[in-house]
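Protein chains: 2
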Amino acid sequence: MHKRNNTINDRKEREILRSVSIHCTSCGKAHKLDEAIFRCDLCNEPLEIEEISNGRINKGNILTQTIWERYEDFYPFLDKNNRFTLGEGFTPLIEMKDLAYSIGISGLYMKNETQNPTWSFKDRGTAVGIMDAKRLGYKRIGTVSTGNMATSVAAYGAAAGMETFVFVSKDISEEKINPIAMYNPHLIKVEGNYGELYFESLKIGKENNIYFINSDVPMRVEGSKTIAYEICEQLNFQMPDYVIVPTSAGGNIRGIEKGFREFKSCGLIDNVPKIICAQSLGCSPIYNAYYNNSDAITRVEKPHTIAHAIENPYPPSGNQVLRLLKNNGGIATAVTDEEILKAQALMAKEGILGQPASSVPLAAIIKLKEEGFLKGNEKVVCIVTGSGLKYTASFAMHQLYSAECELNELSDYIKENY
Amino acid sequence: MHKRNNTINDRKEREILRSVSIHCTSCGKAHKLDEAIFRCDLCNEPLEIEEISNGRINKGNILTQTIWERYEDFYPFLDKNNRFTLGEGFTPLIEMKDLAYSIGISGLYMKNETQNPTWSFKDRGTAVGIMDAKRLGYKRIGTVSTGNMATSVAAYGAAAGMETFVFVSKDISEEKINPIAMYNPHLIKVEGNYGELYFESLKIGKENNIYFINSDVPMRVEGSKTIAYEICEQLNFQMPDYVIVPTSAGGNIRGIEKGFREFKSCGLIDNVPKIICAQSLGCSPIYNAYYNNSDAITRVEKPHTIAHAIENPYPPSGNQVLRLLKNNGGIATAVTDEEILKAQALMAKEGILGQPASSVPLAAIIKLKEEGFLKGNEKVVCIVTGSGLKYTASFAMHQLYSAECELNELSDYIKENY
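Those protein sequences? They're chains A and B, same order as listed.
Here the first sequence is numbered in our numbering, starting from 1 and rising by one per residue.
Here the second sequence is numbered in our numbering, starting from 1 and rising by one per residue.
Chain A extracted, bound-state conformation (with noise of 0.2 Å):
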């Protein structure tokens, strides 16, 4: 059987750690740092580190410091000495100037989450996982993924060092599991109910001594939480009105959140932005709930979306956004795969080009505007999740156009015809 080196056996370290303390986000319990934990062990729901209400940017060159180190005031519980990174975040936040005019708004951002080492947001949860396994001496990482996160678990995990398990659906296509075979890690095809596997998962990580980043684990969440303060810094802490994240099993959107709750709480901003959960109307059971006044999150039987990257039936932190939209203020939308291509579309027209869960929050604009949501006076953010690249096949649901002409009538061609 695999074992694990217990490395915090610096006392000071512990005590760090003992004083950061982490709690159940519905009943509040309280759990201990110092272990490898994900869910609350009494009622099940996500948990949640403590807010951090004391924290300085560390300002410094950024072409020479990693976003952990620029923001490590927010992260007491990683240790200094062994930070890990293969450059992610400090992404470049996009103003689109055409396009809030022509919607109607009177400002549109995109946080441009695509240049990350694995091209999606999910390299800066996947760090800050590595580096709590790590901590706690774990030589194992895993995840539960077909996309995304698997990618950046298998890249992360290889730079790292560790042996890495990725669990994927039997049924998964050569173009999804290739660029993650590519890294190389135990690449575990599993047949039986892959909507138990998330939970399944964090038992066999306990038996196994296999550390599970999963969607929205704890230290998915703190990983977050950076894009926040990175859109704090560039909009020069003037807060939008909104921030509208793509949302699956809601790991993301709580980092968002916290994010910007942490960097009021340490007064380096007056008010936190309205955060909107957007979904795919195909698989929406954040929205579902949240449009039925319901405070519990029901799975979705037969998911059937273009956003394959959001489609998640039953969100494990889906009970967790409802209360965290209570509390923020912020609302739950969802539009068609058609806006969603429209969207994906309009984007590219303005030089980036998502997946289609990238394009949700854009589409979800347009939505919010023709409803009257939004009037009209409001600065809006959207996270641009992951690259284009992810998906090719939804570019042949576009109308693409071309037109062919011989070497030497090319120039005739264009006076003719442009």
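Treat the hints as calculated values from the structure; they're not laboratory data.
Honestly, I wouldn't trust all of these hints.
Copies of the same chain look alike in the list, so a pair counts if it works inside one copy or between any two.
Pairs of lysine-lysine residues, derived as BS3-like cross-links and limited to a Cα-Cα distance of at most 27 Å, are as follows [said to hold, decoys possible]: (1) K59 to K189; (2) K367 to K379; (3) K189 to K170; (4) K139 to K349; (5) K379 to K369; (6) K97 to K32; (7) K349 to K189; (8) K342 to K176.
Predicted model only: the values in this text are computed from it and were never measured.
Could you slot chain B onto chain A? The hints should help.
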């Protein structure tokens, strides 16, 4: 016929442009920068803007600064009031200690250019090209490419609101054309000798007021300089021994070499690293000439390599790269497809998944170490030019592994097998 606005009506602006010289890299003939110029009107060799020797880094917060602001001293010919960006540059430099150790060199760094807005280094040169085109009053830009450059120009042209022409060869595959078409340029499949199209496009551009941002035009070279600037900062101005650049047309390697040269002229670094031009043996016109001690490249008749992104049989800056290597003290080398695939897998196992062309530098290091050219005490930087997702067909050329298991047997399976 399409007219272009002449926006350079400001006398001061014109004076700045006249004070910056541009000259032929071969015969030295001076040209005027206040026109769209691409090659020497005397000898048809590439042009180069004069070296900056009095620049300083404009240190600021990179989260709110563009590379064009940070290095503005090095771009006196760009209009400071009309900058354009999609968030290119500021890409990570990742040290790979384990890989350096196993190869037997003292330092190995990967400049990860896959973390650009269209996931390749091309975006830097495209941004400068767009700014130059706008400065000169052009409303139309274009390029000749079926790969990284095409998507980059299509994306940036769309974002800049310019009419954008992309010429591709008639037999381009769906996989290649779709990501370009998503940005909605005027996409024209050209029948005829695609090899001639580079030079033809410059004529067509003149006739139709289209500013062509082709592979090695002066402004593209100027864009690539920033790769060198960032490496200097990221290594705290302690230069590596070698920088290895996968080389096709020659624009990128020229820009990187010029960037180091300028920082040395400005006293920001003490010495410049030696530049290694790395090609694929299936299409290595520059290496062939270098190997034969020739001053001029000859066309490769039947190019064939997995590294499509650098498969240029007659690189327009080929002769200048030969001159550059002579002055710099660098060398040219070439590797087989088999060596490229091996390097691609090795890089992925360290967390960075490049397209085959991006794995050429690592393949070159391994070969140069085996041949004894590298002694073991060298520090080397590799330029990882584009994302592995750009050419997913290469994944299937690897031995990829996965296992299968039923959910209820998964824990036991892991105990027994790992």
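Now for the hints, and whether the structure bears them out:
1. K59 to K189: Result: close neither inside a copy nor across copies, 44 Å intra and 49 Å inter.
2. K367 to K379: Answer is within; shortest intra-copy Cα gap is 15 Å, inter-copy 54 Å.
3. K189 to K170: So K189 and K170 pass the 27 Å test inside one copy only (5 Å; across, 40 Å).
4. K139 to K349: Between copies only: 16 Å across chains, 45 Å inside a chain, cut-off 27 Å.
5. K379 to K369: Only inside one copy: K379 and K369 sit 12 Å apart there, 55 Å across copies, limit 27 Å.
6. K97 to K32: neither (47 Å within a copy, 34 Å between copies)
7. K349 to K189: between (38 Å within a copy, 20 Å between copies)
8. K342 to K176: For K342 and K176, the Cα distance is within 27 Å both inside one copy (24 Å) and across copies (21 Å).
Going through the hint list in order, the structure does not satisfy hints 1 and 6.
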